[in-house]
Amino acid sequence: MIEFWLNDQHIRTALPAGLPLLDFIRYESGQTGAKVGCREGDCGACLVLEGRLTAGALHYHSIVSCLTPLAKAHGRHLVTIEGLGAAAPTPVQKALVDHSAIQCGFCTPGIAMALTALCLSDEDLTEDRALAALDGNLCRCTGYQSLKRAVRELLLILPIRPEDRPISWLIAHGFLPAYFSEMTERLTRIAAPFISEKEKTLVAGGTDLYVQRPDALLQSGVTFFQNAPERTGIRIEESRCTIGSEVTSTAILQHPALRAHFPRLEAYGRLIASTPIRNMGTLGGNLANASPIADWAIFFLALDSTVVLTGPAGERELPLPHFFQGYKKLDLQPGELIAALRFELPGPDTFFHFEKVSKRKHLDIASVNSALSIRLEEGIIAQARLSAGGVSPVPLYLEKTSHFLQGKLLNAATLQQAQALAQEEISPISDIRGSETYKRLLLRQLFTAHIHELFPEVHEAP
Amino acid sequence: MKHLDSIAHVTGRSRYLDDIPEQKGTLHAVVFGSPVAHGRITGADLTEAARLPGVVAIFSAADIPGENQIGGIIPDEPLLADGTVHFRGQPVFVIVAENDFTARQARSLIRFDYEPLPICTDVQEAFEKQSFLFPPRTFQLGDVDACWPDCAVVVEGEAATGAQEHLYLETQGAYAVPLENGAMKIYSSTQGPTLTQRIAGRVLDLPMHQIEVEVGRLGGAFGGKEDQATAWACLATLAAWRLQRPVKLVLQRHDDIYMTGKRHPYRSHFKIGLSKDLRILGYEVTFLQDGGAAADLSPAILERTLFHTTNAYFIPHVKATAYSCRTNVAPYTAFRGFGGPQALFVIEAAIAKAAFELGIPAWQIQEKNLLAEGDAFPYGQLAEKPHARACWDTVKTAYALPLREKEIAEFNRQSTWLKKGLAMMPICFGISFTKTPMNQAGALVHIYQDGSIGLNTGAVEMGQGVHTKLVQVAAKALSVAPHRIKMEPTDTNRVANTSPTAASSGADLNGKAVQHACAQLRQRLHEAAGKLLQADPDAIDIREEQVWLSGKPTDLRWAQLIAEAFLQRVNLSAQGYYATPHIHFDKSIEKGSPFAYHVYGAALITATVDVLRGRYELDSVEIVHDFGNSMNPALDQGQLEGGVAQGIGWLTLEEVRYNAEGRLLADSLSTYKVPDMGSAPKRIDYQMLQAEGPPLAILGSKATGEPPFLYGIGAYHALVNAMQAFRPGLQLDFEAPLTPERVLMALYPPEKEQS
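These protein sequence lines are chains P and V, in that order. Each residue of the first sequence is one higher than the last, beginning at 77 in our numbering. Each residue of the second sequence is one higher than the last, beginning at 615 in our numbering.
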């Protein structure tokens, strides 16, 4: 039995675990505010809030219900636009109306929910962050200007929310209806986790599987990671960091220690998927997907990373580059799972940078992405790691180029030779993300961009 | 007045097609689209699919009782393929099952055999083979051949614009319900309820009165649900009629993207000649329109391309010829601008090329040639109150063009890896359906006994706010508060023989019909009030729900007046009708006066290019737009801003490509990228031109649906201008969209890199 709360309603259902949550909401519960726009997480018309208890505390964030299997809702509070109550428009809804930020209205419920999620987030609200809350919502009518005005209005009327009790503050100020105050207790009463009976398709965040084959998942059934301790959480021991495979992109990007080690982490994160997808998609899923342009794979290939696998034969750990064996082919035995990723945190002498160019800057798949880490000792490159996606059948660690850089002076001559070597190491193909020539050019430019961002003094004008 | 649907939209209570509660026994349909772009069907095995539990029926062309024909202008498009398929995704079978999951499973079990036929996906190839959908047309003014010797500079070139997917957030869909006595009710997500009704009747061999089409609202359309909503409505209706059960057919996004047509790609050749003082003397252009596999709306779109050949300029010698070429892709269709943007792109490319040749900014040529009162368009209509120059001059001063040029030049001197550019973009767009008979509309207004009002028109609400404007029109005409008026769903049983809500004309045509109905009601109410007050009806007035007599308020208020009028047996319903006067066009000579009026405007667009990565941003779009007397500035602003973003999307990110097999390469939202908040212009500012609106615009408020889309063309030139700051002498090939790939490849051309 799958048990959860949908708005103010207690749900117990025996419907298939793999049914998209969106279909349950619309066609089983009859609440049609969440819309079917694309069923691939790209438009945000089906965006809802997901509330979950973590260590007794209730936190909400946005997810796309089209890519969420029904059983994932177990034990959680799902909130659709109807769940904001019918009494009076909330300040979010009012801002949208006041600024005429609605036209055909099809994207509007998703946008209202994304902005409500923003109000519920515990990050400091800046204009930049507030606007980014809508990075997973498409609107084909307004051209976004009126939406921006509505968001700015919210920033004016949203005074500093108390950090400790945002929910009660939001209830008091009409952002949420009163029943939200009961949700912690209600969810606590759903004790047992959802257990599926048989061997089924294992789903992590679902953000790729549900794009590729939703019908097949409905037939095969789905099962989930069961929050195994070794696969959750981010642990740092000395300079080695372990990220569990179930950790979401958002959790990585908001981790204080990681933000300290990667000062531009938040900006990199903006180039990866969208807010709701980052709330759902996991590190393990990004690696298991084995896509040649997987953003996290590229990010971590430029660090000294290993992947930890657990299976019937026990645990093994292998260097991340060895994990990717061919197009969509992994060194993963039957029954094995990705448990975690380990990597060396960059020290004070190590310079790291991530670049990505896609047709659209946000919520798009890279034409080419790349990461570079360089450890300098007195102007000499002690170690370098260059990775690139979209230029080979696998997320590529450019071993020869990286090796070449080691021991060299960091100067234009070295970089020119490294560029030539990198071009030999890659084998891009022409596809919808760009022609082969473009991808070759783009990698060269991104390599230059790494140097430009990290060592502007080395990067000379062309 | 706020958009009528504001509260319903933000609370998620607005009902779209897929939200209509399903009747008991409703079945679900999916469409099997041709897996090949061109082929002769040699056989199909449906047995496995039909055997799947839950599958109720699979229909093919043979099951159509009437005509298997949905072509609106030219009868060249079957509803279901019969013998031959002409594009990938062309409907071949419709599968009906207890639920859509089962229907999709069944679809995957259909075996389809065919004999391949040659596939053409290239407009140039189709042109060379003289493979046309209908005969070409030519518009002429003056004597272009004779003018070239008088020109100080003549340049020639090519320009090409790509297709554009509508990406209305609500996909196409219909829900067909059998009624008693063989009638059918169709809920359809269509811009053209009457069109749907007429074609469904043709397909089922039913008279139009047996088919009722109702439209609540659309989740966006942009032209994509004008002709191309028909097929899905007809397929659902065919299945419902044959099974005598309700059938719902809602396309999944992937099916919608690959089965439906898009904005027409054009490839054009131009020749432009200028005098020494930068006056354009001659312009000769050949448009190759890629029409796809069937005519659809292409004849009308091609015509509008010709109408907009010269944008907002007067050119004394013009020759424009347009060919519609047949290719094996989904028939291209209406999309905001309707062929106009494609024409404007070419004239602006020609001007940019001439400017490059002369080493001057393009705006100097643009400015010299703007339309003046009485100038002739190539189709013979004379420009009446053309606000092209007023808009231009206001933009230039309000947004400080010379200063901005200086600032950008200074920025570019300081910055190596970011470069800025700007462009000016004047626009001109003709308002009216170019097919004169379509410029008519009806309205039905009921005043109920309690004083509340029901308003019926042919206008379909798709986000543009036409229903809001119509309520404003009625409220003003009857002098009542808008809250008394309910806008009814658009329904062919209430208002018949309507034109699609298209051509930016929805508010004008339907608004004038509403005014006509309300004027009749006003007259009757004045008479009723006259009886009550024992006064001359001519001395009666109604102001803000109060009856006035000889210029003084009386105690008689709206609700009481209506109640009394009912007792007096006054007809409280009125049917209004409107046909745009004065417009005409003679195709045999390609001359006439087809437009009620023109909309003008001008924009200054600035952009920044990251010349290291090829990425770019649109910094600002500053516009002075000719709204006439805007009756709803908030709605008009929404149309302006939305149109600009969509126009920019067309020329920057939105790339539609087919491979040689006619397979659409960007066939999902993960590969077809429309503007998001991050890629929309950082700032759109505008001013309303201070000018009286024309009498043929509703309340003097000019149509705003399509014209703003045209400003997007300026974004292309602003980007090129920025790129030229990095690579002086860089000349682009006028191939749009200008994707980040095209930008980077142009900034670092391979051959130059080697030298």
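Do not take every clue at face value.
Here are the simulated lysine-lysine pairs, BS3-like style, with alpha carbons at most 30 Å apart [to be verified]:
id, chain 1, residue 1, chain 2, residue 2
1, V, K1166, V, K999
2, P, K170, V, K1205
3, P, K170, V, K1100
A short list of chain P residues far from chain V (calculated; beta carbon distances all over 10 Å) [stated by the list, open to error]:
id, residue
4, E158
5, P269
6, F270
7, D291
8, T324
9, E431
10, S443
11, R451
12, I502
In case anyone wonders, no lab produced these hints; they're calculated from the structure. From the three backbone atoms N, C-alpha and C, an ideal C-beta is built for every residue, glycine too.
Results for each hint:
In summary, the hint linking V:K1166 to V:K999 is not supported, as the alpha carbons are separated by about 39 Å, beyond the 30 Å threshold. Taken as a hint, the P:K170 and V:K1205 pair is broken in the structure, with Cα atoms around 51 Å apart against an allowance of 30 Å. Note on P:K170 and V:K1100: the hinted pairing holds, with a Cα-Cα distance of about 22 Å set against a maximum of 30 Å. Non-interface status of P:E158 relative to chain V is broken: a Cβ of that chain comes within 10 Å, the nearest being about 6 Å off.
The beta carbon of P:P269 sits about 27 Å from the closest Cβ of chain V, which is more than 10 Å, so the claim that it is off the interface holds. Against the 10 Å criterion, P:F270 stays outside the reach of chain V, whose nearest CB is about 22 Å from its own CB. For P:D291, the non-interface assignment is contradicted: its Cβ lies about 6 Å from the closest Cβ of chain V, within the 10 Å cut-off. With 10 Å as the threshold on Cβ separation, the claim that P:T324 sits away from chain V holds: the shortest Cβ distance comes to roughly 19 Å.
With a least CB separation of 8 Å from chain V, P:E431 falls inside the 10 Å interface cut-off, contrary to its annotation. Its beta-carbon lying about 7 Å from the closest one in chain V, P:S443 breaks the requirement of being farther than 10 Å from that chain. P:R451, annotated as away from the interface, keeps every beta carbon of chain V farther than 10 Å; the closest lies near 24 Å. P:I502, annotated as away from the interface, keeps every beta carbon of chain V farther than 10 Å; the closest lies near 16 Å.
In the structure shown, a violation is registered for the earlier hints numbered 1, 2, 4, 7, 9, 10, in ascending order.
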